[in-house]
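Chains A and B, in that order, are what the protein sequence lines are. Under numbering that gives the first Met the number 0, the first residue of the first sequence is numbered 0, with each subsequent residue one higher. Under numbering that gives the first Met the number 0, the first residue of the second sequence is numbered 0, with each subsequent residue one higher.
Simulated from the structure, these hints should not be mistaken for lab results. Among the hints, a few may not be true.
Unchecked claim - As a list, the in silico BS3-like pairs of lysine-lysine whose alpha-carbon atoms are at most 27 Å apart:
{"id": "1", "chain 1": "A", "residue 1": "Lys101", "chain 2": "A", "residue 2": "Lys205"}
{"id": "2", "chain 1": "A", "residue 1": "Lys104", "chain 2": "B", "residue 2": "Lys40"}
{"id": "3", "chain 1": "B", "residue 1": "Lys252", "chain 2": "A", "residue 2": "Lys101"}
Claimed, not checked - Where chain B lies over chain A, by a calculated footprint (3+ residues, C-beta under 8 Å):
{"id": "4", "region": "41-48"}
{"id": "5", "region": "146-157"}
{"id": "6", "region": "241-254"}
{"id": "7", "region": "331-338"}
Said to hold, decoys possible - Now the in silico label distances, taken between C-beta atoms and shown as ranges:
{"id": "8", "chain 1": "A", "residue 1": "Asp92", "chain 2": "B", "residue 2": "Pro258", "range": "22 to 32 Å"}
{"id": "9", "chain 1": "B", "residue 1": "Val308", "chain 2": "A", "residue 2": "Phe240", "range": "23 to 33 Å"}
{"id": "10", "chain 1": "A", "residue 1": "Tyr253", "chain 2": "B", "residue 2": "Gly83", "range": "19 to 29 Å"}
{"id": "11", "chain 1": "B", "residue 1": "His269", "chain 2": "A", "residue 2": "Arg390", "range": "37 to 47 Å"}
{"id": "12", "chain 1": "B", "residue 1": "Thr160", "chain 2": "A", "residue 2": "Ala217", "range": "52 to 62 Å"}
{"id": "13", "chain 1": "A", "residue 1": "Glu246", "chain 2": "B", "residue 2": "Pro113", "range": "17 to 27 Å"}
Note that the structure is predicted; figures quoted are calculated from it, not measured. Where a beta carbon is used, it is the ideal one built from N, C-alpha and C, also for glycine.
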Amino acid sequence: MSVVDNQAEANQSEAISAGDGPTMPRTQRSNPLRDPGDRRLPRVPEPCALVVFGVTGDLSRKKLLPAIYDLANRGLLPADFALLGFARRDWGDGDFESLARKAAKEHARTGWDEEVWERLSGNIKFVAGSFDDDMAFDQLASTLEELRASHGIKGNAAFYLSIPPTMFPVVLKQMERTRMADNSTAGGWRRVVVEKPFGHDLPSAKALNTLVDDVFTADDVFRIDHYLGKETVQNLMALRFANQLFEPVWNANYVDSVQITMAEDVGIAGRAGFYDATGAARDVLQNHLLQLLALTAMEEPVEFTADAIRTEKLKVLRAITLPADLSAYAVRGQYEQGWLAGERVRGYRAEEGVPADSKTESYAAVRLGIDTRRWAGVPFYVRTGKRLPRRVTEIAVLFKKAPHLPFSHTDTEELGHNQLVIRVQPDEGVTLKFGSKVPGSMMEVRDVSMDFLYGEAFTEASPEAYERLILDVMLGDATLFPRNEEVEASWRVIDPLEAFWQEQEPEPYRAGEWGPKGSDNMLARDGRSWRRP
Amino acid sequence: MTTLWDTTGTAVVQALAAERRSGGAVTSGLALTLVVVLEEKDTADVEAAVVTASAKHPMRVIMVLRHNIDAPVPRLDAEVSIGGRLGPGEAVVLRMFGRLALHAESVTLPLLAPDAPVVAWWYSETPKTIAYDPLGVFADRRITNVIRDSDPAASLQLRATDFAPGDTDLTWTVITPWRAALASAFDTASSPASSVIVYGNPVDPSAQLLAGWLSSRLGIYVPVERAEGRYISSVAVSFQDGHSVQMSNEGYKLVMRRPGQMDTIAPFPHRSTGSLLAEELRRLDADEPYGEALGAVSGQRDLNSRGSVRKHIWHDPAMADQER
């Protein structure tokens, strides 16, 4: 179990003993059976309902419904729980139940247990209707009221908006009208879960934030960035702040540069409409990569709580600077046809649904700086792309070379930068790369890797990010969720980039290679090169 | 896999190193060493448990089987395997004959993974006093299993007398799902409990520990009342504001009944010894709630404030037999 878990658990019990913690507004008297020293008991949320809008969508079927089943199977759902689906289908509870069952069975991480599903399926309800239909929302509200009595959910509900952001205003207005979003009317907590994209630039993000924060209170809004639910990302904080070894060298005195990579081997399969309007920078850089950067670069939070961590992340995001010469240090690319993993794949412009003259980038790389005492002068190279040779996400901290080497030049020819690599996916783990003597009569130093693999030290399969995040929403633990200011600060970084790129043709690269030449040149200009992940 | 007949501890250490080298991918991230003390008849059960647990925790398993102590010539047989029949980790099976069995630590000490915590597990027949067994003295965590003794309730009392922080018993691990269910029932309670009764077998150590835990946490006397079933069949809780909850185990399902509300049913699967062991190995520090529960069962106070280090007491079964 990670530090995050234990800590969050401790926070939760603090919130309970404090009576009215900010994240748990309506906690009862403290539970005598819960003891922070008792690490065996799992965190189980209060009785509640999970309402999913757009429940027939792709995300819901592949991630959400399986995650709910996995939670049930691990015994982490409260005894009083209801799942309420809302979509425009002429369906009864039974039709929805069979869709959910199929989805869960196909994509669940844990083994299939018919009994667990049967127990869960008794708590699954469906309300049909379109988002502008007042009747449907009235019915949704009344169904929630009924569930309070029949399923003992006590007015607690989380609303998961698995719908395009253009639909948000309508749905949120409806919730406001029916007063479903109101904590005091409900007599319990009401929370909303929003998926990315959080807008497409700063003004739109602000408008969206205002809208959501108005209907719900800002504390009750949970923005899902599923990367933050990953075990290694949480481990980054344990690695940095629980150890003495790394923090002293975690600054510009010792760090040469930082490379953050998120590569995908897939194309844009089925998402052409969305992707072509968005591009790699808005789709990935703005949220995942900047969040990873913030966690890598932030100062130590004063305590391990959602508020304290957000404060530190926000400081870093606001200190990010773009290079003065964007033409040299901001590269975007678009894949052309090529061979990937032994198969021929088409170019971006030939993908179904993409216009033949599309200027949307499928690759983005940029050199960022962080204007703080700790990081001044250290370049943060971030890159993301589709149709790259393999799927990998990692944070590599490259240390400076030793100021003086007592060995002869030829002895250390093969010695590179010392590196600390945090592998986010796949093969979650940490690698430390350093020089070591090659056995033999000659003095020869070569790079070796010391590897910590999650699969090896804790083989207990780490839960899917969605499982963890949905559980956190129900528990009211906002530690792993970016808040509105962070989203806005990230757009402040991206907007000038997008403006610069607006009229440019993206640089082509062949599918199956590590991005366009310009991206390699960008590092070569600084006398560096990309690490091959 | 390497099998060594009539061998020495040094040869076993070398065989393990050789297996590690030739295995290619060296299992570097060992989290702990598990020393299992067992008898030949339990081998199959223990192996199954070790395979399950080592899939969850990367560990070196040392299985110690002691055979006829009165054999005239001491002898050691060993089996070393990595990533084989005994799960993905490293495993060493040691069979000790004759007087060597009384000095098992001389073989196991050099085999412990460097600077990793040591967990000792007696599959059955825990020594009356753990300090008699040198394998229990250098272990940081000790796991016993009183349910396999001839009189489990008496053994549990003995465990309290002999307790040191870091000890746990698998009859405690078994009740984690009960405790989790009860804790979540209390999450929504709005007033303190006025009475709690555990129904089941009054001499079952798990039922006793559950009652002990409840009374240590709630500060009220919690009895175990006889009901059908060999272990725990149900728990009834009444709250001061008149609410009540009844939870019962009905064929691997936990049914929760509350007057005026729908019954809820949660899965309550049977857990194998392996998954119990895996739960134990999750935490390698002292389990204080266990100490409190055991204290409440035995009437012995402040178990958790005892020293956690034991000193070996020389105990020769042959001598003990003569004295008798």
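Is the hinted range of 23 to 33 Å satisfied by the C-beta distance from Val308/B to Phe240/A? Holds, since Val308/B and Phe240/A (Cβ atoms, about 31 Å apart) stay within the stated range.
Could you grab the alpha-carbon distance between Lys104/A and Lys40/B and see if it respects the 27 Å cut-off? Roughly 40 Å between the alpha carbons, so the hint for Lys104/A and Lys40/B is violated.
Examine the region 241-254 of chain A: at least three residues should have C-beta closer than 8 Å to a C-beta of chain B. violated (count 0)
If you look at each residue in the region 146-157 of chain A, do at least three have a Cβ nearer than 8 Å to any Cβ of chain B? Since 4 is at least three, the answer is holds.
Are there three or more residues in the region 331-338 of chain A whose C-beta lies closer than 8 Å to some C-beta of chain B? violated (count 0)
Given the hinted pair Lys101/A and Lys205/A, is their alpha-carbon gap at most 27 Å? Status violated; Cα separation ~38 Å.
Okay, Asp92/A versus Pro258/B on CB: inside 22 to 32 Å? holds (27 Å)
Lying within 37 to 47 Å: is that true of the beta-carbon distance His269/B to Arg390/A? holds (39 Å)
Cβ-Cβ distance between Thr160/B and Ala217/A: within 52 to 62 Å? holds (57 Å)
If you look at each residue in the region 41-48 of chain A, do at least three have a Cβ nearer than 8 Å to any Cβ of chain B? holds (count 4)
Pairwise beta carbon distance, Tyr253/A to Gly83/B, judged against the given window 19 to 29 Å: Distance hint for Tyr253/A, Gly83/B is violated at roughly 43 Å.
Under the criterion that the straight-line Cα-Cα distance not exceed 27 Å, is the pair Lys252/B, Lys101/A satisfied? Distance ~24 Å between Lys252/B and Lys101/A Cα, so the pair holds.
Hints 1, 2, 6, 7, 10 from the list above are not met by this structure, while the remaining hints are.
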